[in-house]
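Taken in order, these protein sequences are the chains called A and W. Per numbering that gives the first Met the number 0, the first sequence starts with residue 0, numbered consecutively. Per numbering that gives the first Met the number 0, the second sequence starts with residue 0, numbered consecutively.
Since the hints were derived computationally from the structure, they do not count as laboratory data. One or more hints might be untrue.
Calculated lysine-lysine pairs in the DSS-like style (CA-CA distance at most 30 Å, straight line) [what the hints assert, rightly or not]:
| hint | chain 1 | residue 1 | chain 2 | residue 2 |
| --- | --- | --- | --- | --- |
| 1 | W | Lys96 | W | Lys33 |
| 2 | W | Lys96 | A | Lys172 |
| 3 | A | Lys35 | W | Lys33 |
| 4 | A | Lys16 | W | Lys96 |
| 5 | W | Lys122 | A | Lys16 |
| 6 | A | Lys16 | W | Lys33 |
| 7 | A | Lys172 | W | Lys33 |
Some residues of chain W that are not near chain A, with every Cβ distance over 10 Å (derived) [to be verified]:
| hint | residue |
| --- | --- |
| 8 | Tyr3 |
| 9 | Asp4 |
| 10 | Gln5 |
| 11 | Thr25 |
| 12 | Ala38 |
| 13 | Pro44 |
| 14 | Ser54 |
| 15 | Thr62 |
| 16 | Gly82 |
| 17 | Asp89 |
| 18 | Asn97 |
| 19 | Asn106 |
| 20 | Ile110 |
| 21 | Leu112 |
| 22 | Asp120 |
Partial chain A-side listing against chain W, Cβ under 8 Å, derived [as the list claims (entries may be wrong)]:
| hint | residue |
| --- | --- |
| 23 | Leu14 |
| 24 | His69 |
| 25 | Val70 |
| 26 | Pro181 |
| 27 | Ser184 |
| 28 | Glu192 |
Every residue gets a Cβ at the ideal spot worked out from N, C-alpha and C, and that includes glycine.
Below, each chain spelled out in residue letters.
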Amino acid sequence: MAKRIVTEHIDGRELLKNPLEAEYRAFNKLLPRLLKRYKDEYVAIYQGKLLGHHPDDRELARRAYEKVGHVPFLLTRISRNRHIDELASPEEFNPASIFATTGEKKMRKNLTPKARHLKGPLEDPSEAEFRAFRKMLPRLLKRYEGERVAIYKGKVVGHHKDFSALGRKTFEKLGDVPFIMPKVSRYWPETAELSSPE
Amino acid sequence: MWSYDQSEFPAFPGFDLQVFKAELPTRSVSARAKLDIGASITVIPEQFVAWLNLSIRDHIQTTGYDGASRLLPVYGIDLKFNGFDINWIDCVATERKNVLLGRNVLNLFFITLDGPNLTFDMKQE
């Protein structure tokens, strides 16, 4: 294998921190000023700065996503009584669903380049490959039962019994594309045992 | 020969490693790893998936120690630790703070655990 030249490295502990920790700190600092100007409204905070304010939290979330794209930011109500803060994270809030339900097609045109990828169905590229795999499974079972098959663009591009060997071979052929390597089994997906109690 | 990590009780055999997307050496994340012969597949923290931009390669039905069952995506990663470079390891991601090295990695090694002295060794030949 080629020598590794790591250009971007991160300590896993940094990744495991709450991404909104800094935003909460900024929010607490800004709170006295926010109370004077935006009491009972919602505010969005991103990278320690006020991103916007609005009486409606969904409208504010939509505006904020237009500005910064699909990233976590803090969205909370300004009140003297501390509310339960609302976390607007990509996992919990899908701006595309708002566009779909409100039918505001114009909004799509106004998305920032960063947020533009949110248009249309948010499907993982592997999903189409798994649909193709399930369709082909009866046929694959006759030829490759017990092996793994590499599938890309709905076609079988390789097979091997070993995950590592098939991964290496397929990567060599196709490069970094979202090919899948499911195991051809009557019982797919197979079962695995996870961790012991900690 | 390495020492057990004594930051938890009981102490466990573990070390720091680097995780990469398979075949893509430019981006990595470091983490503490625990050897877990109770796990048939390696487990990484779910935050690593987005950082490393991992692609889904398969799905697997997992069962936890308590019998709880979940369908999870399988990703392909490379691991670097203690002078070893292990490529195209299948793994799943769950909400956790460290990496569990399951039997799909551990079975590539000769492993000696010396519990009384809190040391262990891993060799490939």
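Outcome of the hint check:
1. Between Lys96 of chain W and Lys33 of chain W the alpha-carbon distance is near 11 Å, which keeps this suggested pair within the 30 Å criterion.
2. A threshold of 30 Å between alpha carbons decides the hint, and for Lys96 of chain W with Lys172 of chain A the separation of about 35 Å lies outside it, so the pair is violated.
3. Restraint check for Lys35 of chain A and Lys33 of chain W: not satisfied, since their Cα atoms lie roughly 51 Å apart, outside the 30 Å limit.
4. In summary, the hint linking Lys16 of chain A to Lys96 of chain W is supported, as the alpha carbons are separated by about 10 Å, within the 30 Å threshold.
5. Between Lys122 of chain W and Lys16 of chain A the CA atoms are separated by roughly 34 Å; this puts the pair beyond 30 Å, and the hint is violated.
6. Distance check on the hinted pair: Lys16 of chain A and Lys33 of chain W sit about 20 Å apart at the alpha-carbon level, within 30 Å; holds.
7. Restraint check: the Cα-Cα separation between Lys172 of chain A and Lys33 of chain W comes to about 34 Å, which exceeds 30 Å; the hinted pair is violated.
8. Chain A leaves Tyr3 of chain W outside its interface by the beta-carbon criterion, the shortest separation being 15 Å against a cut-off of 10 Å.
9. Listed as a non-interface residue, Asp4 of chain W keeps its Cβ farther than 10 Å from every Cβ of chain A; the least gap is roughly 13 Å.
10. The beta carbon of Gln5 of chain W sits about 15 Å from the closest Cβ of chain A, which is more than 10 Å, so the claim that it is off the interface holds.
11. Under the 10 Å C-beta cut-off, the non-interface status given to Thr25 of chain W relative to chain A is violated; the minimum distance is some 5 Å.
12. A cut-off of 10 Å between C-beta atoms contradicts the statement that Ala38 of chain W is not in contact with chain A; the least separation is 5 Å.
13. The beta carbon of Pro44 of chain W is not kept farther than 10 Å from every beta carbon of chain A, the shortest such distance being approximately 6 Å.
14. Not every CB of chain A lies more than 10 Å from the CB of Ser54 of chain W, the least distance being 5 Å, so the non-interface label is violated.
15. The Cβ of Thr62 of chain W does not lie farther than 10 Å from every Cβ of chain A; its closest approach is about 6 Å, which violates its non-interface assignment.
16. Every CB of chain A is more than 10 Å from the CB of Gly82 of chain W (nearest about 13 Å), matching its label as outside the interface.
17. At roughly 5 Å, the least C-beta separation between Asp89 of chain W and chain A is not larger than 10 Å, which violates its mark as non-interface.
18. Asn97 of chain W, annotated as away from the interface, has a beta carbon of chain A within 10 Å; the closest lies near 8 Å.
19. Remark: the non-interface label on Asn106 of chain W is consistent with the geometry, its nearest Cβ contact in chain A lying 12 Å away (cut-off 10 Å).
20. Against the 10 Å criterion, Ile110 of chain W stays outside the reach of chain A, whose nearest CB is about 16 Å from its own CB.
21. For Leu112 of chain W, the non-interface assignment is confirmed: its Cβ lies about 14 Å from the closest Cβ of chain A, beyond the 10 Å cut-off.
22. Distance to chain A confirms Asp120 of chain W as a non-interface residue, since its nearest Cβ pair spans about 21 Å, more than 10 Å.
23. With a cut of 8 Å, the hint placing Leu14 of chain A at the interface with chain W holds, because the nearest CB-to-CB distance is about 4 Å.
24. Proximity of His69 of chain A to chain W is violated relative to the hint, the smallest CB-CB distance being about 11 Å (cut-off 8 Å).
25. With a cut of 8 Å, the hint placing Val70 of chain A at the interface with chain W is violated, because the nearest CB-to-CB distance is about 11 Å.
26. Given the 8 Å rule on beta carbons, the hint for Pro181 of chain A holds: about 5 Å separates it from the nearest Cβ of chain W.
27. Because the smallest distance between the Cβ of Ser184 of chain A and any Cβ of chain W comes to about 11 Å, over 8 Å, the interface hint for this residue is violated.
28. The interface hint given for Glu192 of chain A is met, as the beta carbon of that residue sits about 5 Å from the closest beta carbon of chain W, less than 8 Å.
The structure is inconsistent with the numbered hints 2, 3, 5, 7, 11, 12, 13, 14, 15, 17, 18, 24, 25, 27, although it conforms to all the rest.
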